[in-house]
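Please work from the sequences and hints to get the whole structure.
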Amino acid sequence: MPSGSDSRGPNNKSGAKSAKAIKAANKGGRPAKKGKGGVPAPRQIPWLTIGAGALVLALIAVLAVNLWPKVEEQQALEPYKYSSENKDPSDKIDGVLKIEYPAGQHVEATQRVAYDQTPPFGGPHDSTWANCTGTVYADPIRTENAVHSLEHGAIWISYNPDLVDQDQIDSLATRVSGKSYMLMSPYPGQSSPISLQSWGHRLEVDNADDERIDQFITALNQNPNTYPEVGASCSNPLFSPETSPFDPTAPGPDAVPMDGTGTTAATDEQIPAGG
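Under full-length UniProt numbering, think of the first position of the sequence shown as 1, with each following residue one higher.
These aren't lab readings, by the way, just hints derived from the structure by calculation. Ideal placement from N, C-alpha and C gives every residue a C-beta, glycine not left out. A hint or two may mislead.
[Said to hold, decoys possible] Estimated spans, in silico, between C-beta atoms of each pair:
#1 K98 - L57: 45 to 55 Å
#2 T49 - P237: 50 to 60 Å
#3 E100 - D214: 17 to 27 Å
#4 D214 - A138: 16 to 26 Å
#5 P79 - S171: 33 to 43 Å
#6 A64 - G231: 37 to 47 Å
#7 P257 - L63: 51 to 61 Å
#8 A109 - E78: 41 to 51 Å
#9 T118 - Q74: 25 to 35 Å
#10 P79 - I45: 49 to 59 Å
#11 A64 - G178: 20 to 30 Å
#12 G95 - T49: 56 to 66 Å
#13 G178 - E108: 54 to 64 Å
In structure tokens form, the structure reads like this:
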């Protein structure tokens, strides 16, 4: 019979197994962090990440709200964009008056033209054009100079200052200011509150919210099928309403007639390709 006791009894074996089980369990996961007093610390919420994500979503929403109307506007104007197949899209615009005029009939700065339309949109004109590089004139301009700008492919927006308010004038100006081959001026006495002229074309509207304004501009601004002097510049920084004033009186008996009698012919102009 052994003299010493056996230390590896049944109880010791089960205790060793329990210790191993606890150790294995601890390997499977990290113990929860404890705060003061042994209480588990609260989980940290990533507010910075959440805030950044919310800001990005807000920016996307703002861009969508602001850009989508412009996308819709461009889609609506698509039928009024000129091309080799769609030479004069203004034919689709209700109310456009079209008249064919011969090109290149020039008058002197001291001469007047007995125009057949008010405002005029074709016919004899001054040899100098009004600056039409997105110019918004505060004062009326001489019609003979404005008509020459139309011959270069510009759109001239005129308005009766007695029939439109400042909000409408400002709305029209946003369509003109800084835009190539565009000009705008008051035209006292014109029958329509607002009138748009391009060479051989005119559209009269009652207010600046009329959708046909943008249709007209899209269809005829620099449309090579509808104006004679394709490629001509619209820049003329020397032009001024002060040196070329608007004359509200009716032309006298010495005015140049619409048939061009008494004008000087320009030899570098042609009939519009689409006309």
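Hint by hint, here is what the structure shows:
One distance hint, 45 to 55 Å for the beta-carbon pair K98 and L57, holds here, with the actual separation near 51 Å. The supplied range of 50 to 60 Å is met by T49 and P237, whose beta-carbon atoms lie about 55 Å from each other. At roughly 25 Å, the beta-carbon separation of E100 and D214 lies within the given 17 to 27 Å, and the hint holds. Distance hint check for D214 and A138: the Cβ-Cβ separation is about 23 Å, which falls inside the suggested range of 16 to 26 Å.
At roughly 23 Å, the beta carbons of P79 and S171 sit outside the given window of 33 to 43 Å. A64 and G231 have their C-beta atoms about 40 Å apart, which keeps the hinted 37 to 47 Å range intact. A C-beta distance of roughly 57 Å is found between P257 and L63, which places it inside the suggested range of 51 to 61 Å. Checking the proposed 41 to 51 Å range against A109 and E78 shows it holds: the Cβ atoms sit about 42 Å from each other.
Separated by about 33 Å at the C-beta atoms, T118 and Q74 satisfy the suggested range of 25 to 35 Å. The supplied range of 49 to 59 Å is met by P79 and I45, whose beta-carbon atoms lie about 54 Å from each other. Restraint check, A64 to G178: a C-beta distance of roughly 27 Å satisfies the suggested window 20 to 30 Å. For G95 paired with T49, a C-beta distance near 57 Å keeps the hint of 56 to 66 Å intact.
Separation of G178 from E108 is about 32 Å and departs from the stated range, judged on CB atoms against 54 to 64 Å.
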